[in-house]
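**Student:** Next come the chains, spelled out residue by residue.
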Amino acid sequence: MDFAPLLGKANFWAYFFIMLTGLYGMAVKRNLVKKIIGLGIFQTAIMLFYVSIGSKEGATIPILTAADAAGRGGIDAAAYINPLPHVLMLTAIVVSVATLGVALALTLRLWRRYGTLEEDEILARLRGDPGGEACTPRS
Amino acid sequence: MIQEINAAILLLLMVCAVAALQVRDLMGAAILFGAYSFLMCLQWVSLGAVDVGFTEATIGAGVSSALFFAAIFRTTRRTKD
Numbered sequence: 216m217d218f219a220p221l222l223g224k225a226n227f228w229a230y231f232f233i234m235l236t237g238l239y240g241m242a243v244k245r246n247l248v249k250k251i252i253g254l255g256i257f258q259t260a261i262m263l264f265y266v267s268i269g270s271k272e273g274a275t276i277p278i279l280t281a282a283d284a285a286g287r288g289g290i291d292a293a294a295y296i297n298p299l300p301h302v303l304m305l306t307a308i309v310v311s312v313a314t315l316g317v318a319l320a321l322t323l324r325l326w327r328r329y330g331t332l333e334e335d336e337i338l339a340r341l342r343g344d345p346g347g348e349a350c351t352p353r354s
Numbered sequence: 154m155i156q157e158i159n160a161a162i163l164l165l166l167m168v169c170a171v172a173a174l175q176v177r178d179l180m181g182a183a184i185l186f187g188a189y190s191f192l193m194c195l196q197w198v199s200l201g202a203v204d205v206g207f208t209e210a211t212i213g214a215g216v217s218s219a220l221f222f223a224a225i226f227r228t229t230r231r232t233k234d
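Protein chains in written order, with my numbering: chain A, 216 to 354; chain B, 154 to 234.
No lab work stands behind these hints: they were computed from the structure.
Small disclaimer: the values here were computed from a predicted structure and weren't measured.
We put the beta carbon where it would ideally sit given N, CA and C, even for glycine.
Among the clues, some could well be false.
What the hints assert, rightly or not - Some chain A residues judged to face chain B by a derived CB distance under 10 Å, without partners named:
id	residue
1	239
2	280
3	282
4	295
5	308
Isolated chain A, as found in the complex (with noise of 0.2 Å):
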C-alpha cells in the first residue's frame, strides 16, 4: 500500500488530533493548571494548521539572495514559502504568552482565596458548600 499521500497530508491529521487533544483538555480536565494546558496545546495546533497552509513541498525560506552572474537567484516567488502564515502565526505565539500570563495570575488569585485548583470544589465553595459534593460526582 503506497503511504505517500497521506503521509503528505499528515500535518492535517496531527492538527485534527491536537486541537481536538486541547480541546479535551479546556472542557473535560477539572485542574485549573491542566485547562490552561489544554488552552496552550488547542492555540499550537491552530498555528500548526495555519503555517502547513503556507508550507510548499521543494521550496526555500523566503529570504531574498543576492543574484548571480547568470541571473539566477535573487526574487524567485514561485520558489518561496508563503511568508504570510507565517507572520499571523507569529502574532499569535505572542497573543498566547500573554493570555498565559494572564490565565496563570487569575489562577494564584483563585488559589490564595480558596486553597484548592481544582474547579468543582471551587464551584462548590462559591455555592457555599464546603464539603464540596454537591457538584457533580467524579468518575
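Following the hints, position chain B against chain A.
**Tutor:** Just chain B now, with coordinates in the frame of chain A:
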C-alpha cells in the same frame, strides 16, 4: 527523508500533548508541555518557518515553561485528574 522526520515529530507531538494532559503531577505536565513546545519548534523549522521556530523556542518552550513553574511552585503540584 524530511517527510519521515516530519512524521516522527508529529507522532511525538501527539504523544506529548496527550501525556501533558493525562499525567497526574502538574510539574510533570509543565515539563511535558515544554517538550511539546520544543517539538512544535522543530516542526516549524522543518516546514520552513524559521522565524516562527525561534519565537516558539524562546516563548513557547522558554517563557511559558518558566511561567508554569513559577505558578506551580507558588501553588501545588497535586491534581486530581
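**Student:** Could you run down the list of hints and mark each one as holding or not?
**Tutor:** Evaluated hints:
no.: 1; hint: 239; verdict: holds, 7 Å
no.: 2; hint: 280; verdict: violated, 15 Å
no.: 3; hint: 282; verdict: violated, 21 Å
no.: 4; hint: 295; verdict: holds, 9 Å
no.: 5; hint: 308; verdict: holds, 5 Å
Of the numbered hints given earlier, the model fails hints 2, 3; all others are met.
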